[in-house]
Structure formats: structure tokens, C-alpha cells
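Read top to bottom, the protein sequences are chains A and B.
Note that my numbering has the first sequence beginning at 1415, numbered continuously upward.
Note that my numbering has the second sequence beginning at 762, numbered continuously upward.
No lab work stands behind these hints, which were simulated from the structure alone.
In this text the structure is predicted, and so the values were computed from the model without any measurement.
Just to be clear, a hint being listed does not mean it is correct.
[Said to hold, decoys possible] For each label pair, taking beta carbons as the anchor points, the in silico distance ranges come out as:
no.	chain 1	residue 1	chain 2	residue 2	range
1	B	Lys841	A	Thr1790	49 to 57 Å
2	A	Asn1732	B	Asp864	52 to 60 Å
3	B	Ser786	A	Leu1534	34 to 42 Å
4	A	Lys1596	B	Leu783	46 to 54 Å
5	B	Lys896	A	Asn1552	39 to 47 Å
6	B	Gln880	A	Asn1732	29 to 37 Å
[What the hints assert, rightly or not] Derived contacts from chain B toward chain A, CB cut-off under 10 Å, selection only:
no.	residue
7	Lys767
8	Leu772
9	Tyr775
10	Pro778
11	Tyr789
12	Lys791
13	Asn802
14	Arg818
15	Asp820
16	Ala825
17	Val873
18	Gln880
Glycine residues also receive a C-beta, built at the ideal position from the N, C-alpha and C atoms.
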Amino acid sequence: MNREDFSMLENNIIYFDNGATTLKPKPVVNAVIDYYTKYTANAHRGDYNISQIVDSKYEEVRDEVKDFIKASRRDEIVFTKGTTESINTVVFGFMNTYLQEKDEVLITKSEHASNILPWLELAKRKGIVVKFIPLNENHEVTIDNIEKVITSKTKVISLAHVTNVVGDIRPIEEIGKLCKDKNILFVVDAAQSIGHLPIDVVKCNISFLGFSAHKMLGPTGIGVLYGKYELLNKLSPIEYGGGMNSYFESSGELEYKDLPERLEAGTQNIAGVLGMGEAIKYLKKIGLDNIHKYEVELKKYAVTRLKEVPNIKIYNANSNSGIIVFNINKIFSQDLAAFLNHFNICVRAGNHCAKIVKEEINVSNTCRASFYFYNTKEEIDALVDALKKQDKIFDIIL
Amino acid sequence: MDEKLKRDIILDNYQNPMNRGLTDSNGYIKVNTRNSSCVDNVDVMAKLKDGVFIDIRFDGEACAISTSATSIMIKTLIGKTIAETEKIIDNYEKMINEEEEYDKDLLGELCVYDTVSKQPSRKKCATLPFESIKKIIALAKDTK
Ligand SMILES: Cc1ncc(COP(=O)(O)O)c(C=O)c1O
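When you get a sec, could you build the whole thing from the sequences and use the hints?
Quick look at the structure:
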């Protein structure tokens, strides 16, 4: 779909690393260029025409985001540099005071580093306990398994909506309901789902949610932290400075602004925000349901075709997203990626920043092909053809 | 060296590496080294006697370049003194980084990696075993 909108696709590459970052369509690139060529100015200064344009466009994006994730208030949307900053802000701006020693946080072994390390760090600093929800035979989270590990000390469940190695979709609506019943906060890492699946933060009872624009057609260095107003309002800023204060005196008397400005200190990534706004409009036009349906179709096609490849092992044939992880027997994943690079096929090798998922899938390094709506079955055919030439790997990469 | 010969040497050392597998015997210094792009993960252990490497062994998960480089390094360094080893490392790094002239005779088979810098992502793989040996030398000097 829509391949003509992506200049990168004119470079003779097959881009299967959308889990790492997606390509950017022309309207997104143009929104960034327009900011730098037609109305460069800082936001929230409003003293002249172009600065007013910036202000209103910047704040319009907040409304776009609010509608996109179905939040109830615009001041629940805070711009960050991405998922990593969003989760860290929640952990070190809110959870560090909300949680007490021995309180339990539930995560899984297939989370990305950015949804594990902040919690492990808080465990070191405050003595909270991080527990792993056991996964089923397909490496999925089930409500039963969550219920088994919940105790009276469980205060938070923090999960990716879609994981970045297995690519499984978590039943977040049911988990949200469970959290409501048990009075548990629910943190969702939407990095891998945001440009692929619709989300409703209210219906899913999500306390905090983070995502990055660059994984949903937008620029790098920009993302979102959503927080339920009553919770977000108790989050202490990590950064202090311009833009977030109402006034301050030499006496030390000071007042910070209301949400969301209080959590957006300093000059923001304005070009990034405007690009992200355009990405959301673009995604809405295609429709996330259509995108998901098409990705699942690509994945099914890829699984069927890849089974023709000798010596292949696919680790997540069943997951219902556009991510497929595999290895060729006796070939190290990084060597395989270098081999595919020779055919201009971009896949990612390694552990994909999910360094403990190896305890789940029993392999520490894999190749990952992650699809998006601009990928095609013909590109998957090219991957299969290349993999069938595996005998030639060392002639090519050495 | 001819490209085909280089490839054969690398492949042979990848598929049948020297001294793969660790030992529980006493007297070894053991280190773990990982590629910062988070893929290779290799343990190297070495035994020194009077400042000479009398045994070096390794194990772990690593790509073709890094595994073969470990194997060739082990072949090259067993029997060498720490001072000789440091000189080899210095010349090897010059070769990998295409910096200046280096001593080809000193490097011997290690010269098979003289074009690895054409693939910048593989440079780290080729130098990984030497990172381990450098750590081992530092530890050996420390305990003296
Ligand atoms: C599941 C998941 N969470 C978090 C992140 C981190 O996103 P970012 O690097 O944009 O902060 C990623 C990115 O790879 C991811 O896949």
C-alpha cells in the first residue's frame, strides 16, 4: 500500500526492519521541512505571526494524539523524546514515591530493555520487587497466569501492548479490567503497537502509556507520555526550567504550570511534534484496522513461504502481528543479516534489546523481519529466494 | 593474500576453531567480552607461565568473523610473551583501522582480516578476541 509516498523505497532496498523504525512518508517529511523553511519559531512565545502559527500547530498535535489514543483530556498528553523517556518519567517521577519497599511490579521476560531496566533500577534504589509473569507455550501473557502471580503487594503491571521479538498482542482490555478490580496501576509500552493497532486508553483502563513517533511513520526523537489526569498530576517533573514554571523569585518562592506544560521543560522538539501530527493524520487515513489486517496477511504469507527454506526455524509462527523471528540452522544471526544485506534486504540480527527473552524462546540471537503496510508479498518472495541461496553465504559475506 | 585463500582460512577457523571449549583446570585467567551491538558473547581463558601464553581457550556465541578471529588469534599467541603479544595487538589494530604501515610478517595468518574495514560493522567482530586478551593481560599485570 501507498509505496509511492515513501522516498526511501526508491533506493532499491527491501526494508524489513520496521520494528526498529519505520520509513517516513512525504507528508511527514514535508511537515518537518515546512517548519524549518516557512515558520521557524519557538513555541509558547506567540509575539509575532509565525510564532503563533507554531503555537497553534503544536497544540493541534496534542489534540490529534488525544483522539488517536482516545484519551479524555488534552492535558493528559505530554510530549517526550520517545517510549524510553516516557517509561523512565513514569518510574522515576511517579513510581519512586508511589511505591514502597516490597511492593511488587509485574512485567515479563519478553519486554524491551526500556520496560525492564527502569524497574530493576527502582528495585535497587527502593527495594521494590520486580516479578515476571510466566508466559504460556506460545510465549504469551494470559489472564490466568497474571492472576497466579498477583499478591496483596502487587501495585503495578507494566507490559508492552505488542512485544518486539515474539510480536504477540497482549489482551490489554482484559488486563486493564483485572487491574481495575484489583486496584493495580497499568503501564503500557505501546512502542510496537501504536502504528499498527487501534488503542483506547480509557476503555483499557491504562494508567500510563508511552510510545515513539519514529515507529509510526514520524520523526525520531519525539514521542508521547499519556497519563490518567489524577495520576499524571502527581508525577513530579524530572526536568525544571523554562516553559514549565509560572513564576519564581529570588526568595525561592515559585510556582509550576499546570499539565501538560509542567512536564515539558525547555524548548521542545517542535519539528518532531509537527511531523508526528502529520504521521497520525496519515495513519488515520489508511486506518489502523486495515494496516493490521494487511500485516497479518503478510505474516501468514511469509510463514507459509519461509517453510520452503531448508534449515529454517521460525520462533513465532503463531503471533498475530507483522513480526517474524527466525534462524537458519548453524548460521549465526548476524552472519545471516550480513548475507541478506547483500541482497539489499534489511533485517535485524541479535537480541533486539530484549536480552532476557532468550530464557523464553531458548535462543539468544535471531533474525527479525518486521513488516509494515508498504511491504509486499513480492518482497517476501525475494527474502525466500535469498534464503534459499544459503549455501553461498560464506562466499558472499567473507 | 588471494581472496579465495583468505576465505578458506576464515571458514576453516570458523567451522573447526582451535581450542573451543573451556576448562576447569587451575591457573587460568578468564574474561567475558561482548560486542556492543549486543550479539557476540565470548568467554576467553588463558594460562600464562613466566610471562608466556601456554594455553588460550574460548567458548561462546559469535559470528563467523569473530569466531575465526578468536581461533587464529589463539594459534598465533600460544607460545608468545606478553610483550610480543602487545606488539601483535598493536599491529593488528593498525591493520584493522587501516591506519599506518603494519608488520605483516608479525601478524601471519591474522592478515586474512586486512580488508574487514570495508564492512565497518564487522570491525568490532574482528577485534573482539583481542579485547579479551587485552583484559587478560591487564589482569595478569595486576596480580603480579
Ligand atoms: C517494545 C518496545 N518498547 C520500547 C522501545 C523503545 O523505544 P525508543 O527507543 O523509541 O524509546 C522499543 C524500541 O525498539 C520497543 O520495541
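Now for the hints, and whether the structure bears them out:
no.: 1; hint: B:Lys841 x A:Thr1790: 49 to 57 Å; result: holds, 55 Å
no.: 2; hint: A:Asn1732 x B:Asp864: 52 to 60 Å; result: holds, 56 Å
no.: 3; hint: B:Ser786 x A:Leu1534: 34 to 42 Å; result: holds, 35 Å
no.: 4; hint: A:Lys1596 x B:Leu783: 46 to 54 Å; result: holds, 47 Å
no.: 5; hint: B:Lys896 x A:Asn1552: 39 to 47 Å; result: holds, 40 Å
no.: 6; hint: B:Gln880 x A:Asn1732: 29 to 37 Å; result: holds, 35 Å
no.: 7; hint: Lys767; result: holds, 8 Å
no.: 8; hint: Leu772; result: holds, 5 Å
no.: 9; hint: Tyr775; result: holds, 8 Å
no.: 10; hint: Pro778; result: violated, 13 Å
no.: 11; hint: Tyr789; result: violated, 24 Å
no.: 12; hint: Lys791; result: violated, 20 Å
no.: 13; hint: Asn802; result: holds, 7 Å
no.: 14; hint: Arg818; result: violated, 20 Å
no.: 15; hint: Asp820; result: violated, 14 Å
no.: 16; hint: Ala825; result: holds, 5 Å
no.: 17; hint: Val873; result: holds, 9 Å
no.: 18; hint: Gln880; result: holds, 7 Å
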